[in-house]
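Protein chains in written order, with the numbering used here: chain A, 41 to 254; chain B, 5 to 180; chain C, 1085 to 1340.
I should point out that these hints are in silico values taken from the structure, not numbers from a laboratory.
Values in this document were obtained by computation on a predicted structure and should not be read as measured data.
Treat the hints with caution; some may be incorrect.
Residues of chain A placed beyond 12 Å of chain B at every Cβ, according to the derived structure [claimed, not checked]:
#, residue
1, G46
2, D60
3, L92
4, W223
5, P225
6, Q232
To give an idea of the chain C side of the interface with chain A (calculated C-beta under 8 Å), a few residues [stated by the list, open to error]:
#, residue
7, V1159
8, P1161
9, V1167
Using N, Cα and C, we set each Cβ at its ideal position, and we do this for glycine too.
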Amino acid sequence: MSEREGYSQEVQRFLDEEPDAQLTERARVDAERFREALARYASSLPVPGRELDAAVMSVVGARPLGGVRGLVRWLFRPRPVLLRPVLIAAGLVATTALGWWLGQQGGSPPVPGALIAEAPTVLVRFELRAPEAVQVALSGSFTGWDSEGVALSKNAQTGVWSVTVPLPLGEHEYSFVIDGQRWIPDPKAHAQVDDGFGQTNSVIVVGPRGVVRS
Amino acid sequence: MSVPDEVVVQRILAGEAELFRILVRRYREEFARYAASLCGDADVAADAMQEAFIRAFDALDSCREPARFKAWFFRILTNQCHNARRGLGVRGRLDDIVVTAADRADAGVSDEELREAIDAALGQLTPEQREAFVLKHVDGRSYAEIADLLGVGEDALKMRVHRARDALKKLLEPWS
Amino acid sequence: MTGMRRCAVLLAIALVPATRVGAQDDVRAQLLARGAPTAFADRVAQIVGAAAAEDLPIEPIVTKALEGWAKHARVPPDRVVTVLERLAVQLRTGRDVTVAAGVDPAPAVVAAAAEALGRGVPAADVQAVMRAAPSAEGAATGLTVAASLTAQGLGTDAATKAVRDAYMAGRPASDILEFPSVVAGLVAGGVPMSDVARRILEEGGLPLPSEPGRGLGRGRPSGIPAGRGPPDEPPGKGKGMGPPTEPPGKGKPSAP
């Protein structure tokens, strides 16, 4: 495709988010038009909703798992699955989650007030701008106030750390933990409250439609 | 918090089939937008996603690396979306839409019209260009991540995305 | 305790069968597994046991204890114990207020009442919310939301009126759970909190977002599909692992 018909190389590099792309005014107009059109398209796109989940499970529930091969594997798999090394390697976070699942099976859950997988949950995204931090974690009522918490991932370019977590409906108290030491409230939370220990916890209330923040 | 796919898959294969719901939810959330754009229609996308999940469940024991469930499922879903789109036949002639837009260059364009136009433009692309473009500009993923999902090198991906953008540029000119 | 040992201990706890382990043993075991000193764990267990014996809800106390231990680098154990004892007193007050309202003191309701009182909602307003709610669950939700709205800065009058009016208009608890997000969205859109409060007090009630999955104006719910923006899983480390097994379905042609 000739230069005339397509975008200039600089615009292509800019849209690829190359750090040293330089744009003329004309090229900038092209690029912004592209971005705006796509942003509008993406945000207005109707997508399959959560009713899909139940539809899939109603079909899948009636099927044998993996056919005959699956059945044979199931019969001979060592039990309990929990003690396999891969699960310990998966880390404390996965272990805690299994504890919650087991709590759901019956008996007292090992982490009181913890997430129960069957309650309806909503994905909630947490973000914190902390370009200097080496490690950022999320600790709160929904993690049983585990000191290690849920790790966030860093966007190297923007210095913003983020994670998306399924939370049950209702109120949750939490804090970010930076570098394992500093407990920092979430500026975007619904409210900040005294934790009783002289520090501040953040509060969000999760409704069925998600969380809107300030 | 996310329990790793590997753990969920292994427990499903050990007999707890109901845990598949976790993967359904997780990857519907992850790929719904991608499927809707690839199929050009939310209902068609829902059918394609449902079919993809069912196939994934049936073949779950052949997923050799449970930790890579996401990329494995992605491949199944993409196949279903391409099939679904093919089944719909030619969707809107791009020329018609471009002419219409030029007539109405001064009028505002509704979201629906823009969607139809972009969908028609995407329909003109090869399946590989369409996949890469949607992952890049509808989902907002990085090239590194797209490379991982598609199993294709970043250079080849950039070429696909550049060509797709060029195809759209022509379309977007009447809408300034 | 090393990571491995801690994992093993937690797994052992996780595998404890369904025979009833006392609530105080639960929290004690949890704290010890996390490396807390025995004296502290014992004291916490004592407080929890005493609360349980009085039929007070113990979950808030247990959660607070775990939080206190998580923050132990900054918070001395004695301070945590004091906070827990104060919390037990607050729960007792919550129960008294609930009973005085003629409402059944279900644990969730008592806990929510205690929290609301602790956040400065007057007892009379707490009772009014409870009575307006259609069920115990609704009462707990309503009180929690009123407490949050208060902490957001709405003022207790507006906070409790918003919840009460909603219940009296027959709105379900799920609508009420949206209120903190609605308020945050309004404020993000530039409406001063005092105006929001005035709107509630004079015009009655809070609006709801008109479309599912979307906040008001600029506010964007973070519950939208994760297809937007970077995902929570890191980009695959699988470069050395080779491509995934070809799944069923048509093969992919390798075109440029």
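How the hints compare with the structure:
no. : hint  : in the structure
1   : G46   : violated, 3 Å
2   : D60   : holds, 16 Å
3   : L92   : violated, 6 Å
4   : W223  : holds, 18 Å
5   : P225  : holds, 20 Å
6   : Q232  : holds, 23 Å
7   : V1159 : holds, 4 Å
8   : P1161 : violated, 11 Å
9   : V1167 : holds, 4 Å
In summary, the numbered hints that this structure violates are 1, 3 and 8.
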